[in-house]
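Fit chain B to the known structure of chain A by using the hints.
Residue numbers (the working numbering), protein chains in the order written: chain A, 220 to 648; chain B, 2 to 252.
Hints are computed from structural coordinates only; laboratory data are not their basis.
Hints may contain errors.
Lysine-lysine pairs mimicking DSS-like chemistry, simulated, CA-CA at most 30 Å apart [claimed, not checked]:
id: 1; chain 1: A; residue 1: K338; chain 2: A; residue 2: K412
id: 2; chain 1: A; residue 1: K482; chain 2: B; residue 2: K187
id: 3; chain 1: A; residue 1: K482; chain 2: B; residue 2: K231
id: 4; chain 1: A; residue 1: K222; chain 2: B; residue 2: K138
id: 5; chain 1: B; residue 1: K231; chain 2: B; residue 2: K84
Note that the structure is predicted; figures quoted are calculated from it, not measured.
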Amino acid sequence: MFKLWISIKKDVRILLRDKVGISLMFVMPIILVVVVTSIQNSTFELVNKNKLPIIICNTDTGKSSAQLITAIDKIGMFKVTQIAKESANAITDNMHNQDALLGIVIPANFSAEVNTKAKNASDKAMAAFSGQADTVKNVEKKAIAGIDPLNLYYNPVLQESLRFSIQGAIRSALQLVQTRQTLRTLYYSSNEKELPQSLENEMLNSNTTINMLPVSKDGTRTTPNSSQHNVPAWTIFAMFFIIMSLGGIVVKEKVSGSFIRLKTLPTNYMVGLLSKQITYLCVTMLQAVVIFSMGLWLFPYIGLPALNFPADVFAVFIVTLVCGWCAVSYSICVGVFAESQEQSNGFGAVSIVILACIGGLMVPSFAMQGIAKTMANFSPMHWCLQAYYTLFLEGGKLKDVLNNIASLFIITLIIQFITYLGLKRKNLI
Amino acid sequence: MAVTPSLAVSIENMGFRYPDNADVSFSHLNLQVAKGERFGLFGPNGAGKTTLMNLMTGVLSVNEGCIKLLGLETGKQNKVVNKLFGFVPQDFSFYQELSPVENLEFFGAWAGLNKNQIANRTDELLHILGLNDVRDKAVGKFSGGMKRRVNLAIGVIHNPQILFLDEPTVGVDVQTRHAIINYLRKLNESGTTLIYTSHQLNEAEDLCEHIAMIDEGKIITQGNINDVLKEHSQTSLEELFINLTGKAYRN
Numbered sequence: 220m221f222k223l224w225i226s227i228k229k230d231v232r233i234l235l236r237d238k239v240g241i242s243l244m245f246v247m248p249i250i251l252v253v254v255v256t257s258i259q260n261s262t263f264e265l266v267n268k269n270k271l272p273i274i275i276c277n278t279d280t281g282k283s284s285a286q287l288i289t290a291i292d293k294i295g296m297f298k299v300t301q302i303a304k305e306s307a308n309a310i311t312d313n314m315h316n317q318d319a320l321l322g323i324v325i326p327a328n329f330s331a332e333v334n335t336k337a338k339n340a341s342d343k344a345m346a347a348f349s350g351q352a353d354t355v356k357n358v359e360k361k362a363i364a365g366i367d368p369l370n371l372y373y374n375p376v377l378q379e380s381l382r383f384s385i386q387g388a389i390r391s392a393l394q395l396v397q398t399r400q401t402l403r404t405l406y407y408s409s410n411e412k413e414l415p416q417s418l419e420n421e422m423l424n425s426n427t428t429i430n431m432l433p434v435s436k437d438g439t440r441t442t443p444n445s446s447q448h449n450v451p452a453w454t455i456f457a458m459f460f461i462i463m464s465l466g467g468i469v470v471k472e473k474v475s476g477s478f479i480r481l482k483t484l485p486t487n488y489m490v491g492l493l494s495k496q497i498t499y500l501c502v503t504m505l506q507a508v509v510i511f512s513m514g515l516w517l518f519p520y521i522g523l524p525a526l527n528f529p530a531d532v533f534a535v536f537i538v539t540l541v542c543g544w545c546a547v548s549y550s551i552c553v554g555v556f557a558e559s560q561e562q563s564n565g566f567g568a569v570s571i572v573i574l575a576c577i578g579g580l581m582v583p584s585f586a587m588q589g590i591a592k593t594m595a596n597f598s599p600m601h602w603c604l605q606a607y608y609t610l611f612l613e614g615g616k617l618k619d620v621l622n623n624i625a626s627l628f629i630i631t632l633i634i635q636f637i638t639y640l641g642l643k644r645k646n647l648i
Numbered sequence: 002m003a004v005t006p007s008l009a010v011s012i013e014n015m016g017f018r019y020p021d022n023a024d025v026s027f028s029h030l031n032l033q034v035a036k037g038e039r040f041g042l043f044g045p046n047g048a049g050k051t052t053l054m055n056l057m058t059g060v061l062s063v064n065e066g067c068i069k070l071l072g073l074e075t076g077k078q079n080k081v082v083n084k085l086f087g088f089v090p091q092d093f094s095f096y097q098e099l100s101p102v103e104n105l106e107f108f109g110a111w112a113g114l115n116k117n118q119i120a121n122r123t124d125e126l127l128h129i130l131g132l133n134d135v136r137d138k139a140v141g142k143f144s145g146g147m148k149r150r151v152n153l154a155i156g157v158i159h160n161p162q163i164l165f166l167d168e169p170t171v172g173v174d175v176q177t178r179h180a181i182i183n184y185l186r187k188l189n190e191s192g193t194t195l196i197y198t199s200h201q202l203n204e205a206e207d208l209c210e211h212i213a214m215i216d217e218g219k220i221i222t223q224g225n226i227n228d229v230l231k232e233h234s235q236t237s238l239e240e241l242f243i244n245l246t247g248k249a250y251r252n
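Next up, chain A with everything else stripped away, as it sits in the complex (with noise of 0.2 Å):
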């Protein structure tokens, strides 16, 4: 215990004096969290509180165009900006003139198609209530003819899934619109008075409302944001981040001259990598509690949403403490396997990035597709990170997360194992 000790002692002291390493370990990773976090927070509430900046031009001089823009606008999802019919022809470059995410051209025949379409359903309906089926095929073999379509033009910078949203939003003004429109002359082809407003507005408006509920596993309804998604995962990136020190620390005792005398010394060189793993393990979980702390008591002052810690502290201790051990593990699997110190950060660098993708730090595992998806398994980080998303995204507790533990521990042994022949080979134990 005492040469553990004594080592553990050692390796502190250079770790201490190693004001480069020590700032790759700290301050980097504290940066990428808040500018990562920072940049999807801001993109989070563009999609999510401000409103897309769209332009319309309508060369229609009928209603119903002017009832789309409306129910265009009220969807609340987008800032209108109507321009002149003239523009219709330049509608991109106004695009580019306004900042406009979107742009629409409403066809100068759009209000008649409409009315058209809506006659035709109503003949329809009419003929089915008086049962004259021969007419009602007759009906439909006009309402097939033609409608120009409505052009949607869009920034290439938004996302597919945003653009089918924006798409579906589109659909419910023109069908709303169009039921309008089909239910009024319905009315009047029965009636022959106009419908009245009341009983149009309960026709046409829905009373059930939407509830957007988080799914947790302890019954909480937090509602996730960028600090939650973020922080955990980048806190990740941090630890397997300290390959950048411990890497080239093995890499730069095995090359000078102080392992040869280490291994003439009646001590077992199994003794240095034990003190090295205790060591900067201890880097890892204080790693860990500064970005968390940073998320929690920092984040608000700076003007990122703060960071809901857990209820199941001692979970969360548990997977940061395995995801520690399997990352000063590859660091020193690393170290033993690189002849200098250019190759362990060269190589170090580039395979935690790449670690990083596949276990889906940057990328969702969940939209990840075929061979990514089986390559995900193969990366600790994954399973880190699947630990920490059910405990801080979905409340989960430790015995939820023992399945994730366990991978992340035999990837470890792994690593260890192939540490050992790597050291065995090289003849240095």
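Same frame as chain A, but now just chain B:
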């Protein structure tokens, strides 16, 4: 296993070959160094001196035969054998970020000393080797001579019975060389066997009683230094060296 306590080092039919370097290899090498000797191992660059030193200290493992230190076979009883000797490698074998005290604390613990033993030996060695004033400063900022003294202090912290020194005075000034050689003499007088390599043949002639000269993995001469010089009709170690190994460049 026959224990021969009168011998500090006994190399018996030793064979060794690097897996990826056929240039340096030993075959059926035999060498004996008595306890308490000051033994010099010489040869041109690439002759195999450092490799032989690494084999004797267990850094490398022999392929054939065996090497015994004080009767104990290296490689098989490492924990016991490694307590018996100290090693001062040619490279600076310590942590540049740490001070002399911190380096001695770490290597002393790994050599098997307890807290009090480390503290006592640290004070003693830093005083003897003139490092007391810089005991708490990072070694990385030291001059080459000071680093050599730290390198030596670490090698002897556990009072080894055999001390292997691979070019311990390379790159140091005259004062430091004298200080190191004088300290080695004192160590030897207290019973420590010295196994020493160097290209400073004047210094070696002054320090060593017995020598072995190796070239291309073979011992080309060995014995008492005066007897060897007489046998080859040479007046100095340098003349003997040139005579036996030639004047051609070695890599």
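Each hint tested on the structure:
1. K338/A x K412/A: OK: K338/A and K412/A at ~15 Å, within 30 Å.
2. K482/A x K187/B: holds (27 Å)
3. K482/A x K231/B: violated (40 Å)
4. K222/A x K138/B: holds (23 Å)
5. K231/B x K84/B: violated (38 Å)
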